[in-house]
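Both chains come to you apart, so use the hints to assemble them.
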Amino acid sequence: MKFGVMVLDGPYQHQAADTAVRFVKAALAKGHEIVGVFLFADGVNAANRFINPPGERNIGRAFDELGAAGIEVVACTACAKFRGLKPDLKSDHVKLSGLGSLAEFLGKAERFVTFAA
Amino acid sequence: MSARIAFLMRHSPYGTVYPAEGFRAMLGTAVFEMDIVIVFIDDGVYVALKGQQPGGLDMKPLGEGFPGLADVGVKEFYVHDASLAERGLSASDLSVDAAVVAAARIAEVLAGCTAVLPF
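Residue numbers (the numbering used here), protein chains in the order written: chain A, 1 to 117; chain B, 1001 to 1119.
Hints should not be assumed to be uniformly reliable.
Dumping the calculated EDC-like pairs for lysine to aspartate or glutamate here, alpha-carbon to alpha-carbon at most 16 Å [unchecked claim]:
(1) B:LYS1075 / B:ASP1035
(2) A:LYS108 / A:GLU72
(3) A:LYS25 / A:GLU72
(4) B:LYS1050 / B:ASP1093
(5) A:LYS108 / B:ASP1035
(6) A:LYS108 / B:GLU1033
A short, non-exhaustive set of chain B residues, derived as facing chain A with CB atoms under 8 Å [what the hints assert, rightly or not]:
(7) ALA1003
(8) GLU1021
(9) MET1034
Simulated from the structure, these hints should not be mistaken for laboratory data.
Glycine included, C-beta positions come from ideal geometry on N, C-alpha and C.
For reference, chain B alone in the conformation it holds in the complex (with noise of 0.2 Å):
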């Protein structure tokens, strides 16, 4: 089976260093050609979110390198529907084209995933 990896993004974009590295990590991977799965679930879904401003914490905003993904060949992305709805956001609310689905097709997602990476 050829490696097919899933990156959770599960924490807010700017209070831990996760999302961050996790971004790099899909980078890092992606041009090693392995077939990257990305999924925004929980505080995860506003690492996605348009028009993000961290200039006073001194930081570049992480949702517009998503879109940029696809040079990579990162292209397949889903987001958690009750996450989005439970903040108040729609999937026109993202920087990508994401899937917005429950929880059980995300759990049939990583099921069809040699490794689920939670950052």
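The following block holds chain A by itself, in its conformation from the complex (with noise of 0.2 Å):
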């Protein structure tokens, strides 16, 4: 099965990013595949690279390692500008894209899994 993946919130402010991130996992684990993570709105905050919660899991890191792995993970340019997330705090393994990365994953998944609050 190939899996889109969306995620609308933030991290640590709800489960969201975190079971996104577990999904993923989940899935790759089974055999599926993942056509793209779409970060969206404050699931954009995910993608920063100075996350560093002291003695607490890394959400930020978990994402850059799917996108180390070969899963693309994408955030949202302009809700990323909204937030103040400029380029050179992003997680080296996320990219910073548009909508389009979104359609495009619509248009290869076969199905399409939101995470949000």
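As structure tokens, then:
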């Protein structure tokens, strides 16, 4: 199965970003394909490479690691501008791109899953 | 199966960022010639209300944007009948020509879509 994923909420405030990461890992472990992860609205905050929670799970690193593993992880450019997430603050393996990427993932996915509060 | 995307408008227009981002996502994906369906349900019916005046919030009226979606080929709107009735509204209060339908019909519409995006 080809899955697309969208995350609408930021890290730590709600469970959405955590669950999205776990969903992607579980789907891959079952042999499914992830066509892309789109970080939208506050979801783009998970792409900040300076996330550094003392003694807690690092959600920013988790998305970066998905990108490093070959999953296309995209943060919405406009949403990043709304939130002051300048390109030099962005995690190495998360791309900044527009809604065209969301459209691409929607077109490729057989199932599309949104994680939000 | 070509992509047919439903956008669920579930929240009132200004309390959260969801409806505004949903609207941007409709515009941003419709230009890629996707088949787009918009469903107003629960407090989401307020998103399409005519005459919104959010100037006091330093925000722009969201409802006025929906008629312009026709320019990018988005013309299929549904509104949940009970959600309208519970709020004392009717279809004529909305800024777009939406089909007033029961929950069962909305379920059918969503079942016919390749993806449902809840905002």
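Hints, verified against the model:
no. : hint                  : result
1   : B:LYS1075 / B:ASP1035 : 10 Å, holds
2   : A:LYS108 / A:GLU72    : 13 Å, holds
3   : A:LYS25 / A:GLU72     : 13 Å, holds
4   : B:LYS1050 / B:ASP1093 : 6 Å, holds
5   : A:LYS108 / B:ASP1035  : 14 Å, holds
6   : A:LYS108 / B:GLU1033  : 14 Å, holds
7   : ALA1003               : 5 Å, holds
8   : GLU1021               : 5 Å, holds
9   : MET1034               : 6 Å, holds
Every hint, counting from the list given before, is met by this structure.
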